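Novice: The opening residue of the sequence shown carries number 1 in our numbering; numbering runs sequentially from there.
Hints were generated in silico from the structure; no laboratory data involved. Keep in mind that this is a model prediction, so the values were computed, not measured. Treat the hints with care, as some may be off.
In silico DSBU-like pairs for lysine-lysine, Cα to Cα no more than 35 Å straight-line [as the list claims (entries may be wrong)]: (1) K190 to K235; (2) K180 to K219; (3) K136 to K105; (4) K53 to K235; (5) K115 to K136; (6) K165 to K195; (7) K234 to K38; (8) K104 to K136; (9) K234 to K136; (10) K218 to K234; (11) K104 to K115; (12) K22 to K73; (13) K219 to K104; (14) K234 to K22; (15) K47 to K22; (16) K234 to K219; (17) K22 to K105; (18) K105 to K115; (19) K53 to K73; (20) K73 to K20; (21) K53 to K22; (22) K224 to K195; (23) K38 to K73; (24) K73 to K224; (25) K20 to K47; (26) K38 to K190; (27) K195 to K20; (28) K235 to K218; (29) K180 to K73; (30) K115 to K20; (31) K73 to K195; (32) K224 to K105; (33) K20 to K53; (34) K218 to K190.
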Amino acid sequence: MTPQEFYQLLAQEGFELSDKQKQDFESYFRLLVDWNQKINLTAITDKDEVYLKHFYDSVAPVLQGLISNNTIKLLDIGAGAGFPSLPMKILCPQLEVTIIDSLKKRINFLEQVAKELGMTGVHFYHGRAEDLGQDKAFRANYDLVTARAVARMQVLSELTIPFLKVGARLLALKAAAADKELSQAQTALKLLFAKVIENRSYQLPNGDQRSLTIVEKKKETPNKYPRRAGLPNKKPL
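Turn these sequences into a full structure, and let the hints guide you.
Specialist: Quick look at the structure:
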């Protein structure tokens, strides 16, 4: 997908990008490739592939009407090189985006992207979800949490649900169908007072399969979750 094809597809969905937004995506791509020579950010560095498999893939929930250009507080867990939240932020500048990542080098990269793109309303924190999920500054503080290819739902739910306000939602983006994964996560979701609202499958323009699971927080998360760092992955609920 060339940048021009990317812009055309977005325009067909009602998103006419300004010159500034187009330049932001271009600058983001350049920074991604430059920094990837120093730290491991992505295996995908071909320009057309980045625009398809990182940029388009990241904004798919916006194109599907799940996120709009409003001042909601969005938290992205384990965003790595900033996906999906920073492409969403370029498309929807009013979003208030917070990213948590466990690797300081990736946080340094994200800070540089935000600086070069002149982004406001973005916040980056170096830390683990298990620790920050017990911090009152983060816990039950967000309208939306996103996670793209972070962990299976049985683990991901414990890492994300505590950050949501009651009634708020998790959007989990994955490469493959999630049916089996969701059946394995039923116990975890019950313990966390959360429920799957929708599980949708769709295709990228090149035919690659993707799935998107929407989970809603029904009640306050019990204080003991998330458990200490490493435990959710080692001993899933």
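Novice: Against this structure, judge whether each hint is valid.
Specialist: Hints and how they fare:
For the hint linking K190 to K235, the alpha-carbon distance of about 16 Å falls within 35 Å, and the restraint holds. At most 35 Å may separate the alpha-carbon atoms for a hinted pair to count; K180 and K219 meet this at roughly 25 Å. With a C-alpha separation of about 25 Å, the suggested pair K136 and K105 falls inside the 35 Å cut-off, and the hint holds. For the hint pairing K53 with K235, the CA-to-CA distance comes to about 32 Å; that is within 35 Å, so the pair holds.
The hinted pair formed by K115 and K136 meets the criterion: a straight-line CA distance of about 28 Å does not exceed 35 Å. With a C-alpha separation of about 14 Å, the suggested pairing of K165 with K195 holds against the 35 Å cut-off. For the hint linking K234 to K38, the alpha-carbon distance of about 30 Å falls within 35 Å, and the restraint holds. The suggested pairing of K104 with K136 holds, with an alpha-carbon distance near 22 Å, which does not exceed 35 Å.
Among the hinted pairs, K234 with K136 is consistent with the structure: their alpha-carbon atoms are about 25 Å apart, no more than 35 Å. At roughly 26 Å between alpha-carbon atoms, K218 and K234 fall within 35 Å of each other, so this suggested pair holds. Our distance criterion of 35 Å between C-alpha atoms is met by K104 and K115, whose separation comes to about 16 Å. Straight-line distance between C-alpha atoms of K22 and K73 comes to about 24 Å, which keeps the hinted pair within the 35 Å bound.
With a C-alpha separation of about 33 Å, the suggested pair K219 and K104 falls inside the 35 Å cut-off, and the hint holds. The straight-line distance between the Cα atoms of K234 and K22 is roughly 42 Å, outside the 35 Å bound, and the hint therefore fails. Between K47 and K22 the alpha-carbon distance is near 14 Å, which keeps this suggested pair within the 35 Å criterion. About 25 Å separates the Cα atoms of K234 and K219, which keeps this hinted pair within 35 Å; it holds.
Between K22 and K105 the CA atoms are separated by roughly 26 Å; this keeps the pair inside 35 Å, and the hint holds. For the proposed pair K105 and K115, the alpha carbon gap of about 15 Å is at most 35 Å, so the pair holds. A hinted pair counts as satisfied when its Cα atoms are at most 35 Å apart, and K53 with K73 qualifies at roughly 25 Å. Between K73 and K20 the alpha-carbon distance is near 23 Å, which keeps this suggested pair within the 35 Å criterion.
Distance hint between K53 and K22 is fulfilled; the C-alpha atoms sit about 17 Å from each other, no more than 35 Å. The straight-line distance between the Cα atoms of K224 and K195 is roughly 19 Å, inside the 35 Å bound, and the hint therefore holds. About 31 Å separates the Cα atoms of K38 and K73, which keeps this hinted pair within 35 Å; it holds. This hinted pair checks out: K73 and K224 have alpha carbons roughly 24 Å apart, not beyond 35 Å.
In summary, the hint linking K20 to K47 is supported, as the alpha carbons are separated by about 19 Å, within the 35 Å threshold. The straight-line distance between the Cα atoms of K38 and K190 is roughly 42 Å, outside the 35 Å bound, and the hint therefore fails. Distance hint between K195 and K20 is unfulfilled; the C-alpha atoms sit about 39 Å from each other, more than 35 Å. Taken as a hint, the K235 and K218 pair is honoured in the structure, with Cα atoms around 24 Å apart against an allowance of 35 Å.
For the proposed pair K180 and K73, the alpha carbon gap of about 30 Å is at most 35 Å, so the pair holds. Only pairs whose Cα atoms come within 35 Å are accepted, and K115 paired with K20 is accepted, the gap being roughly 14 Å. The suggested pairing of K73 with K195 holds, with an alpha-carbon distance near 21 Å, which does not exceed 35 Å. The suggested pairing of K224 with K105 holds, with an alpha-carbon distance near 30 Å, which does not exceed 35 Å.
A C-alpha spacing of about 22 Å is found between K20 and K53, which places the hinted pair at or below 35 Å, so the restraint holds. Note on K218 and K190: the hinted pairing holds, with a Cα-Cα distance of about 10 Å set against a maximum of 35 Å.
Violation of the numbered hints given earlier is confined to hints 14, 26, 27; the remaining hints are satisfied by the structure.
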